[in-house]
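Use the sequences and the hints to build the structure in full.
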Amino acid sequence: MLTNFKNSRPQQFTFLFFVFLLLYFFVPENENSLLWRLPPLLKDIPLLINSLLDNLMFKWLTVPVYDPDWQMYEDKPVFRLITRAIADFLLFLIIFIREIFLGGLQTIGSITGGAFKEFKWLYLPAVPWTAVVVGLFILGYRLQGLGLAFIASIGFFYVSIFGQWEPTMETLSLVLVTAPICFVLGLSFGILGYLSKKVEKILQPILNIAQTMPHFSYLVPILVLFGIGDHAGAVATIIFATPPMIRLTILGLKKISPEVVESGLMSGCNRFQLLFRVLIPTARRDILIGVNQVIMQCLAMTTIAAFIGAKGLGFNLKVALNGLKIGKAAEIGICVVIIAVVLDKLSLAWANKQKDYFANLNFYKKNIASIYFILLTTVLGVLAYISAFYFENGFNYLYLIPFGEGLTIAPILDAGVDWIWETFFYYLNIFNKFLITNVLFVMRDAYLGMPVISTFVLVMGAGYIIGGIRSCIIVGALILFIALSEYWNRALITAYMATFAVGVSAILGIVTGSICARNEISAKFILGVCDFFQTFPSFIYLIPVILLFGITDTSVMIAAIAYASVPATRYTVEGLRSVPSSLHDAASMSGVSNFQRWKSIELPLAFPHIMLGINQTLIFALMMIVLGALIGTEDLGQIIMGCLSRPNGAGIGLTLGIFVSFICLAADNLIRTWADERKKMLGID
Amino acid sequence: MSESLNNSNNTPVIKCESVYKIFGNNASKLLENSNGQVDAKTFQEAGCIVGVNNASFGVKKGEMMVVMGLSGSGKSTLLRCISKLTDATAGKIFIDGEDLLAMSNKQLIELRRNKMGMVFQSFALLPHKTVIENIAFPLQIKGTGTRDSMAKALEMVELVGLKGRENYFPRELSGGQQQRVGIARSLAVEPDIWFLDEPFSALDPLIRKEMQDEFLRLQGVLNKTIMFVTHDFDEALRLADRIAIMKDGIIEQLDTPDNIVLNPATEYVKKFTEDVPREKVLKIESIMDAYDSNISSDIKVSKDAIIETLAESILNSKEILTVVNKNNEIVGSLNPSKVIKVIFGK
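Residue numbers (this note's numbering), protein chains in the order written: chain C, 1 to 685; chain D, 1 to 346.
These are calculated hints, taken from the structure and not from any lab test. Treat the hints with caution; some may be incorrect.
[Claimed, not checked] In silico DSS-like pairs for lysine-lysine, Cα to Cα no more than 27 Å straight-line:
| id | chain 1 | residue 1 | chain 2 | residue 2 |
| --- | --- | --- | --- | --- |
| 1 | C | K197 | D | K29 |
| 2 | D | K142 | C | K254 |
| 3 | D | K84 | C | K198 |
| 4 | C | K680 | D | K41 |
| 5 | D | K61 | D | K247 |
| 6 | D | K163 | C | K366 |
[As the list claims (entries may be wrong)] Computed Cβ-Cβ distance ranges for the label pairs, DEER-style:
| id | chain 1 | residue 1 | chain 2 | residue 2 | range |
| --- | --- | --- | --- | --- | --- |
| 7 | C | F403 | D | R171 | 45 to 51 Å |
| 8 | C | I515 | D | P277 | 55 to 61 Å |
| 9 | D | K270 | C | E520 | 50 to 56 Å |
| 10 | D | R171 | C | P125 | 43 to 49 Å |
[As the list claims (entries may be wrong)] Chain C is faced by these chain D residues, among others (derived, beta-carbon under 7 Å):
| id | residue |
| --- | --- |
| 11 | L85 |
| 12 | I109 |
| 13 | R112 |
| 14 | R113 |
| 15 | M118 |
| 16 | F120 |
| 17 | S122 |
| 18 | A124 |
| 19 | H128 |
Every residue gets a Cβ at the ideal spot worked out from N, C-alpha and C, and that includes glycine.
Following this line, the structure appears as C-alpha cells:
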C-alpha cells in the first residue's frame, strides 16, 4: 500500500489536494495568525530601491562640471551625467532617423551648431513616402520575391494614404535605432555566454526574470533614470528586446555540430578566426531569427513606451483609447498590425535567405537593386519637388501626407461599433454580468479566502512531488518573497485571473490544436494563424475587447484568453504533429478509431510539449492581465500602472514586476521539471 | 624539417607513450592514485569515464594505421588526443619528435596549419561557403592570398574529382561528394599527417566502397602518414598497414591485418576475425614455405598478392610455385594445398 503510494503520482496529488482543502477550511480568517497571512516583513524593499535610485541620481560620486550659462563649476553626480549622455546620444539617433523620413531642422542644426531656427537651408528634406514604398518593394523582391514585395509596399502604401505616415515613421525610427543596438548587445552577451560557462550561469537567471517581467514594470525605473521622452522609450525597448537575442545567440552557437568546431580548429583557426569565420557564420540563421525576435519585441515595446513619452503610433493609440474613440483606435491598431506583419516577414525572409554564389558578376549586376533604388528615389524626389507647385495650397501628397489628412475609415468603424452595441448589447451584457458575478467574483473570493499556509502546502507539495526537495525549496522561496510583502492579496487576485485565463486558454488551445492537427493542411493553416496573432503587440488585443465589452474585468479576461490561447494552440499542434509516423502506422494496424488514436497514442506522447505550451500561456496571460490595468483591474497590474504617475513609484513598480516574474518562474520550474522528466521517460529528444 | 627527414627511418612520425584520457571532474587525481592500473569499472563508480587506457604505439612515416573499435571503445577519443582537440589526461605524445602536450597554443596552431589535416564523420563543412571556399578555408586561415589559395583549392577539386562543382554549396551535394570536399579541404595545406575519423561511416555501402578505392588511389599518390578511425572491420582490413583494435579504451591488439586474422591475441579480437574470409585478407607471404629449388616450378607469384586474386590460377597449375618479392628475388615456395586449406579449412 505504502510502496504503491510512493510510486503513484495521482495518489500523491490527491492526498496533497486533500490536505490543501483541509487547511483551507479549518484555518480561520484572522489577520494576526501566521497561518492566515504572513507579516509584511519585506515591505521596505520598494523604499530601499527608491532611495538607492535617488542616491545614484542625485548624490553619489559628484564631479564638478562647468556650466557655461552660469559661468561657474557645479557639482553633478556621475551616474546622472552618464544616463544623460546615453539619453542625448539615443535622442540624437532617433531624431536623425526620424528626420530622414519626415524632414526637419534639428539634425543638421545640432551637428553644425547653427541657430537652426533662422536658417531655412538647414532643413533636412524627408525622403518622399513614395520612395520608401518603392524601396520596400525592391527590398521585398530581393529578399524573397514578388509576393513579399507586394505585401511590404502595399502595407506602407495603406499606412500613408490613411494619414498615419507620421506616427508610423516615428515608431519606425525608434525601432530602427533600438533594434541594431539590441542586436549588437545581444550578440556580444550571447557570445560571452557561449564562451564562458560562468557568464552563462550569471546570465541565465537574469534572462529568466527579464523575459517574464511585465512590460510596465520596466517603465517606472527608467522614467526615474532617464526622464520622459523618446530616449526613455528607447532605453526601455533596448532592455526589453535584448534578452531574446542573447538567448537565441547562445542557443544557435550551441547547436553547431562539435565536428564543425573541430574542423575549424584543425584548419588552424585562432580564437578570433574560429568565432568570426566559423561559429557565427554557421549559426547565421539562428542569429537572424534572433534579429527577427528583436525587431518584433522592439515594435511591441515602442507602442507601450508611449506611457513614458515615446512618440508614434502607441502614443496616438493611447490617446484614442483614453478618449474611447474606438474607430480611431482601431485604425491605428490596423497600422500597427500592418507594420508588424511587414517587419516580421521581411526579417524572416532575410533569415531564411540562403547565400547565392556570385562569382562572375560585375559591379552593375551585383548592385542592381541599390542602383534601381537610388535611381527611383531620385526620380520620385524630383516628382515630389515638382508636385509641390501643383499642390501649392494644400499638402504635397507626393511628398508626405500629414497626420489625419489621408483617407479614414474611422466613421465606418464607429458606425459598426454602434451597430454591434445596439444589436448585441443586451446579450453581451447578460453574458458579461453572468461571467462577472457567477464566475469571476466567486473565484476571486475563493482565492482571497485562501490561508497562506494552504497556498504554501499546495505549491511546495507540488514542487516536492514533481521535482523533489530542490524544486520544493525554489518554488517556496519564490512565493515566500511575495507572501512577505504588502501585496499578497493583490497577487492572489492576479493569480485568480491568471488561473482562469490559463484554464480557458488551455482548453481552447488544446481542442483547436487537436482538431487542426488532424491533417497537414489545417495544421499549417492554424500555425500560420498563430504566427499572425503572435506578430502584433499585445496592446492591440485590448481594442476589440473594449469595443465589445467596455471597460470591465471581462474585457481583460477575454483579451488575455485570446492572447494566451495562441501558444497553447501552437504547442498542441506541434506536439501532436511530431508523433512519429511509425507509431501512427502501428496504431492503425491495431485498428484504433480516431478518438482512440488521439487519446491513447497522440496525447500522451505530445503532452510534455503541450505543457511547455501551457507554460508560455501562463506568461502570455500574466502579461496581458497586467496590461489590462490600462482598462481597470484591481490586481498587481493596477498598482504598477499607478506607479507611472507617482513620484516614488519606481521601487514599487520594480518590486511588483519582480513578483509577477516570480509567479511565472515558480510555475515554469514546476512545468519544465515535469516535462523534461516526462520527455526523458518517453525517450523524446 | 631536415632533421625530421634524416630521422624519418627510425623516429616514428606519431608516437604515444602511455596515453590516458579519462573524463570526469577529478580524473587526474584518481589516475595518480591508481599508479597506471586503470580499471574502467572502479573509475565509473567514482564518476569518471575511461576514454583511452594506457595507449602506447608509434606510426611510421608513410604508414597507414587504422584504429578499429565499436562505438564507445575510445577510438575517436584517441584520435582527438593526438590531434589535441582534447587534452590527454596523462602520458606523452610526440609529433615528429616534438612534445605535443608541451606546445603553446601558438605552436599548436602552427602545427595544425602546416602539418595536420583531418576528415570528419559528418563532413563538418561550413554551410555558408561554396565547395571551393571550403577547400580554400585552411589556406586563408593560414594567411595565403586569395589568388594562390583559390588556385591550390582548384587543384584539390580536380584531385578529388569534383571539377565543375566548385561553386556549389555543401547543401547541394550528395554525402559522397561532401566527403570528397572534406578530404580535399584536409589536404589543401599539404599536411604530412592525415587524420580520418570514420570518414566513410555516414555513406551508403556502394558509395563507401567507391570512396575506399578513391582513398587508396589518393594514398598511392600522396603517401601520407595516416591515422584512420573506423568501426568497420572489413574496411580496416582493406586499408590498413597496421590495425589497432580497441575495447573500453584499451588497445587489445596492434598488428598487421594478416597477423590479426591468423593470430588473434584475445577472445574479443577473435570474434571479429572468425567470419572474415581469409583468402581476401591474407597475402601469399603468410602461407609460403621456405624455398626448395628441387620441387618448385618456374611459375612465379608475388609475395604481396592477396591470395584470392591468384587462387584460381594457383589451383589450376597444380604445381608448387615460386614466390618472389618486389625486386623479383626468390623468397619462398607455395604449395597449392595451402591455398585450399585457407579457403576451405578452419
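Consistency of the hints with the structure:
no.: 1; hint: C:K197 - D:K29; result: holds (23 Å)
no.: 2; hint: D:K142 - C:K254; result: holds (26 Å)
no.: 3; hint: D:K84 - C:K198; result: holds (24 Å)
no.: 4; hint: C:K680 - D:K41; result: holds (26 Å)
no.: 5; hint: D:K61 - D:K247; result: holds (26 Å)
no.: 6; hint: D:K163 - C:K366; result: holds (25 Å)
no.: 7; hint: C:F403 - D:R171: 45 to 51 Å; result: holds (48 Å)
no.: 8; hint: C:I515 - D:P277: 55 to 61 Å; result: holds (59 Å)
no.: 9; hint: D:K270 - C:E520: 50 to 56 Å; result: holds (53 Å)
no.: 10; hint: D:R171 - C:P125: 43 to 49 Å; result: holds (46 Å)
no.: 11; hint: L85; result: holds (5 Å)
no.: 12; hint: I109; result: holds (5 Å)
no.: 13; hint: R112; result: holds (4 Å)
no.: 14; hint: R113; result: holds (3 Å)
no.: 15; hint: M118; result: holds (4 Å)
no.: 16; hint: F120; result: holds (4 Å)
no.: 17; hint: S122; result: holds (5 Å)
no.: 18; hint: A124; result: holds (4 Å)
no.: 19; hint: H128; result: holds (4 Å)
Of the hints listed earlier, there is not a single one the structure fails to meet.
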